[in-house]
Amino acid sequence: MSLMTLAASGNTPSIPAPQIEYGQLSPMLIVFGTAVVGILLEAFLPRRLRHPAQVGVALLGLAGAFAAVLVLAIQGYGGTRSGLLAMGSVALDGPALFLQGVIILASVLAVLSYAERGLDPRIDGVPQDPFTAQAAATPGGEQEQLATRAGFATTEVYPLTLFAVGGMLLFPAANDLLTMFVALEVFSLPLYLLCALARRRRLLSQEAAVKYFLLGSFSSAFFLFGSALLYGYSGSFRLPEIADAISGTAPITPALANTTQNDALLLIGLAMLAVGLLFKVAAVPFHAWTPDVYQGAPTPVTGFMAAATKVAAFGALLRVFYVAFPGVRWDWRPVMWGVAILTMVAGAVLAVTQQDVKRLLAYSSIAHAGFLLTGVIATNRQGIAAVLFYLLAYALVTLGAFAAVTLVRDSRGEATHLSSWAGLGRRSPLLAAVFALFLLSFAGIPLTAGFTGKFAVFQAAAAGGAIPLVIVGVLSSAVAAFFYIRVIVLMFFSDPQPNGPAVVIPSTATATVISVAVAATLVLGLAPQYFLDLASKASMFVR
Amino acid sequence: MNPVNYLYLAALLFTIGAAGVLIRRNAIVLFMCVELMLNASNLALVTFSRLHGNLDGQIMAFFTMVVAAAEVVVGLAIIVSIFRTRHSASVDDSNLMKL
Amino acid sequence: MNSLIPLLIAAPLAGAALLLLGGRRLDRSGHWIGVLAAAVSFAFGLVLFFQMLGRPVSQRAVDVKLFSWISVGGFQANAAFQLDQLSIVFVLLITGVGSLIHVYSVGYMAHDERRRRFFGYLNLFLAAMLLLVLADNYLLLYVGWEGVGLASYLLIGFWQHKVSAATAAKKAFIVNRVGDVGLSIAIMLMFTQFGSFTFSQVFAAAPQESRGGLTAIGLLLLLAACGKSAQVPLQSWLGDAMEGPTPVSALIHAATMVTAGVYLITRSNAIFDLAPDARLAVVCVGAVTLLYGAIVGCAKDDIKKALAGSTMSQIGYMVLAAGLGPIGYVFAIMHLVTHGFFKAGLFLGAGSVMHGMNDEVNMRYYGGLRKHLPITFATFGLGYLAIIGFPGLSGYFSKDRIIEAAFAEGGTEGWILGLTALVGAAVTAFYMTRIMLMTFFGERRWQPDGKGELPHPHEAPRVMTLPMIVLAVGSVLAGGLFTINDAFVNWLTPVTGHSEGNSPLSSGTVTLITIVCMVAGIGVSYLVYGRSAVPVNPPVGSALTRAARRDLLQDDINHALLVRPGSALTAALVYFDVKGLDGVVNGVSATIGGLSSRVRRVQNGYVRSYALSMFGGTLVLVATTLLMRSV
Amino acid sequence: MSFLLTATCAVPAVGAVVTAALPAGTTEARRRTSRATALGFSVAALVLAAVIAARFSPDGPRYQLTESYSWIRAFGISFSFGVDGIGAVLVLLTAVLVPLVMLASWHDAAPDSGDSVAGTPAPDGSFENNRRTQGFFALILAVEAMVLVSFLATDLFLFYVFFEAMLIPLYFLIGGFGDRAGGPEQARQRSYAAVKFLLYNLLGGLVMLAAVIGFYVIARDQNQGTFDLQALTRAIADGKLVIDSSAEKALFLGFFFAFAVKAPLWPLHTWLPNAMGESTAGTAVLITAVVDKVGTFAMLRYCLGLFPNASKFFAPGILVLAVIGILYGALLAVGQKDIKRLIAYASISHFGFIIMGIFAMTSQGQSGATLYMVNHGISTALLMLLAGFLISRRGSRLIADFGGVQKVAPVLAGTFLIGGLATLSLPGLAPFVSEFLVLVGTFTRYPALGIIATLGIVLAALYVLVLYQRTMTGPVKASVSGMPDLKARELLVAAPLIALTIALGVYPKPLTDLVNPAVADTLVQVHRTDPAPVHPVAATPGGVTK
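Chains as they are written, first to last, in this note's numbering: chain A, 533 to 1075; chain H, 125 to 223; chain Z, 32 to 662; chain X, 6 to 551.
Quick caveat, the hints were computed from the structure, so don't treat them as lab data. Some hints could be false.
[Stated by the list, open to error] Here are the simulated lysine-lysine pairs, BS3-like style, with alpha carbons at most 30 angstroms apart:
#1 X/K342 to Z/K610
#2 X/K342 to X/K482
#3 X/K482 to Z/K482
#4 X/K492 to X/K482
#5 X/K342 to Z/K193
These figures come from a predicted structure and were not determined experimentally.
Chain A extracted, bound-state conformation:
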């Protein structure tokens, strides 16, 4: 029966009012609500109060959301009581809660490093944060100088970030493709803007924003078209229903019987959906935006993107593949094998010759995406748990690393060229040691968080029969180790440049970020049992 005939019959069935479980959705609602409050504050508060107020509100909101996540987890929504919310469009289960927790943690740290105002010298007694005084002013123009003098600040970044966080919280929890698409855009659009807001080197910043925006929307189009095809195949956007259609257990309508025979719809849709997600996780060959955007964006934003986006995107990737497509894993696994291998190898090899520390970390994040993909490919519970744990470790260490990058500065702002990092270990051994610790964790040296994560994903992959992937993984780890160590060599065993950068003593905000990251690196490396258990308990998707 077509829709037209349905409407014509005049016998419109009553549409049931949607049932919304506000309590269980509270983490996202709190964040969105805080973001709205932030907009209002922006509108009504005097300029000088905005910064403290926005930071405070943002942190408060995130803390509230985190508390909500904790409460939900304690109440068992991550395990036995997990279920579907909002008419089945949002899932509340272990992976969702775990990743939401991680995203909120990462956001808290990101907000803290946004709030850092002690790094750039004050201008006319006004402390300078990492963001441009007035985004609309042309770089280097008169208007910009005036704005700077006047102590303008783009405090809109906090609500923007909160919107992004809200989207990210929703993304891994989305149980249908519609919600997922909306979540994708909700967290992407603020990020495009955030990229453009750097105080220094605004040309690069704007360029990063343009690139990110164009490529991001390009990939969204693929995602959307993929969704459309899958809808065409299965008649539904719901992930479980797609799975049912694939396995043939769905109630058969005539149209469905027709389309489910057309595997091309399914497979092309799957591939295009995967493109959208792989773009967000920065897998090769959809990675090209990563180095440029990471380099150009304001460093705190880069940290936030690198950490939280990856977590959210992997969460969605896991859910899509584990909930919707387990029935066709023999089709997508070989392809994902190829992507994983390409990502690990290309990320590691390309990083070898990088000269900019932010680009280096970008390529490193690509390589890590490859390692994470091996966990996704495992297609077993251990794989889920391993990816969850890896994301936790990776997110915290990444934020720490980017926060550390913000501290190395010369007269033009952050000194990200590697040559200016030479001899940093002699000028500032503490920072160099901390950064070295992060690098060692990235490199997967035992007793650091990175090693535990790597071990977890590799063993899951091996258990899933992907031994060759593991071998490629360890070999590219060795290549990756090379460039991490190159930085360490540079910091500790090279002569400092005569006019090299100085390390600025940060305020409590950045110091907190770095301390938390160090603690996480060590705790997740030395005593990861609790978090592994947590990830393991959370490794069951609800359908």
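Once you've looked at the hints, dock chains H, Z and X against the given chain A.
Same frame as chain A, but now just chains H, Z and X:
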């Protein structure tokens, strides 16, 4: 008319949009091509909705439109600001960062 | 009283430790500590000897186990000693002659600032040699064996500031190491075959072993003996070893070191008896070395090197005798003992001459010294007579019996060996007479030293002459004493066995021919060096002479065969390591780096090309997904 | 359950933290405090190691004093410690060497030395400069702690973690505290050496990681999802854990590769000469005498214990590589111009012996190899530390820059000679016992290889004596004429090593008693027995026990 033809049209539009992204230099045109891709998807969605006889696809199309509108806001803001800086909307001029 | 046996070694070892660790405090009195240690050991040796005499023949050999040294699975090595008739002979020779050399050194090294250390090394030498002859298994023997090598290294290179001395010391050690490889492998082979390397057990099990196995063991032991006893082809170190102070040469040549090879072969008689092929190799080596040493000895102008050639030749006799088997073992040892006396005497005499002649060693710059150094002349002369086998002196008895035994080997072999030995005897007489004539007779050919002063030859102090006199007495009497009632033969027979063999020539005939040969050698020598004046500058000489002066080109041969290819190989390997292996390592990293910078170019900064890569990636992804299904 | 083994590992670890946390070394007194603190901790570790050795009963079970604490249950990983005879002697070795290395390096990490990191002076009073001494000693203690854990761990994963982690402090020791001589070029060389060391070993470790994971997955599939070594070996012996032959070979190679890099086995050795050449003598000793032993130790314990059949399968090939290494290392040593690189190549030759002994799979070979690890540690430490004293006096590592040292510094020359003689395995000194056992053990099963390897002893004599001759003998070169003899501190370093060299050469029984039962157990694991003598002596061989 067989609804499948709409699907072919959607695929064609999508491809045209993608080709436009690859070929055109002007950021605005590039962005319009992306919009074209989104609308191609919308066409597909609506077609499938009709095919399956449920409303999900049409609802999705509405959402897509909203999202596209939001994207335009953000995108134009970014493109305009970079145009003001560089006095050029050519994406090929933005390659300070590479390698 | 068997606990004295370890003390035999402990005494000189303690002396060495005391002297080497004691520091400068002992500089003034240290040398006497060294002498005392040697003498005490000699005293212990005498006590043990008389105790042994007092026991019935069957109970003369005693075993003392100190502790289990190495014990892993079936590999059981004990620190255990065996004192039997053979070892006591060596003990007495080593400690007796050794003590005399110690005493002599007190005088000889009186002005050397490092005298204390010298005595320490001497004591170490004795200790190592005693360990060698007292060990009850091959592994412990090996310890002494290498210990001797170490001590000789230290002593030959004692004057380390001389490049030649340091080089000679190194050469001695390394050449010896080549021989040691033989001993090592022999021990491993014994362990593999018998599960043991203790003398008694190996000898007991030897008869079950195949002839091939025994031959292999025998040849390996021969290789070891060649190294230590300076037999061809491992003879090259001996001549250079003269770089050491003269008492060291005396010690190496008479009492220790070079005798070790003969000891090893004789000790292993149970193996050689069953391995005729190995024995044949032994006699060949002995015969060749015998002539080799003799020829070299004829050509050298350096008094010590001439004596060194003589030693090589005499040891050749001993090895030859030992290789003859039961016919010869006893005479090998007997010649070894008598040789110990007269060669020590000769070297100490040579040292005395050098002492008088400002350390000049070239005999062409000697001449007419008999009046200036009467005691030296007398003792050296007696040693000379003994070595050429002058009837009635000790060399006569021992060497004669070896020549006899060589003939007694029988067959063509016997004739060849016997004649070789005879030729050797003649040549010995020739070169020894040459030394005597050039040194003590004829015109003075003394050369001024660096300050333009002629040497003032003077007799050495009593502390040096006394040992020379004692040794001279020994050189005269030892041989005679040993032959009374075949005392020496009977003494050793329980250890080595003895058989008379059947010589084609009667004993008397051999003796007669030997004496004729000797006289002929003396005669020729007199014609060359006695009748006419000795030229100060050596004549060009025949090709053989020139070759002999260069030790029959031994170093050139070693150089061409081993050193040059060896250093070429080393250089090639160093190159290979850096460019080859390390090149691969660095190449891998360079390849990755190169790959990286090439692939990097894809990241060209143009957003449209990024989009293209995404689009291409999507197509590939879609295509492969579809392909996977169709496959 | 006693806490002895944990305590032994913990003491140096705590020491490292405490030393690093001491007030900055702005004055000599403070620096002395930090050095003394570090030394104190290392001596405490030595005392504990001695207690372990004393409480270990050779007749008891293989692993004793065991402790186990849960660590990462998710992967079946625990903090399990246990000591066997092989571990005990290596723990002792480590504990003995570290204080001596510290004593020898007493002034190697002094601040404002002008060389600091990169050939130019560090800014005076800078943070880096003031922390230098503490950093150096703390890093040494950290290495010690990690090495001890590796020797005492009875959990495969625990072992792996520390096997890898110890690279990091060592890396900083190599790269940050190199040899003093030379300018920027040498600084470049040093950082090259450090990076090469780390990457090479990391690559080995990562390959092993893949094998560890593979092994774990296979074991878990058969309900043996644990990393506990004892449980695993028992399961293998009982047939509860069956690894398919080709998988076993692959896993063996994964493990072996890591150990062969670390040991190092020819042709994976090229990092060692760089690392030893460019680091301080103390660090070089730490690398070759202590850390590299973890590699050979692990071959014996893990390769043979977990993969008995693959070990047997690959043994001939490995033996060939080992023999090549013996001769190759020795020949390369002969060709070196640099004292430290010479010693490094000599070590490569010696590691060939050790590996040969292990894979000959006879009791003599393996006991010998274990003793060899200890003895090589002692002798190389002696030679290398003395070489370090020598080099620091002249400021050059080139052999050609020396000559006639014995005349001006006889004690230095004499002790150096003893070190050299130990290196060439002179009978009567400790290395002889082990070398001969290895050779015999190899010969009984592979006579040809045994014979070829024996040639190595000639080459050893050659490189040692050539080194001694060129540096110590001959006329005194002007550049060494004012060279002082050994100081009391330096003698204090050399004396115990010399005493040990002699004592263990004369009476190795305490060590063999500890090692033999563990080796016997290893041979049981690989189902190998010693070849019987062809013509056994009629009576029981003298003094055979058991």
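Okay, the hints, checked on the actual structure:
no. : hint             : in the structure
1   : X/K342 to Z/K610 : 17 angstroms, holds
2   : X/K342 to X/K482 : 17 angstroms, holds
3   : X/K482 to Z/K482 : 26 angstroms, holds
4   : X/K492 to X/K482 : 21 angstroms, holds
5   : X/K342 to Z/K193 : 22 angstroms, holds
The structure fails none of the hints (numbered hints given earlier).
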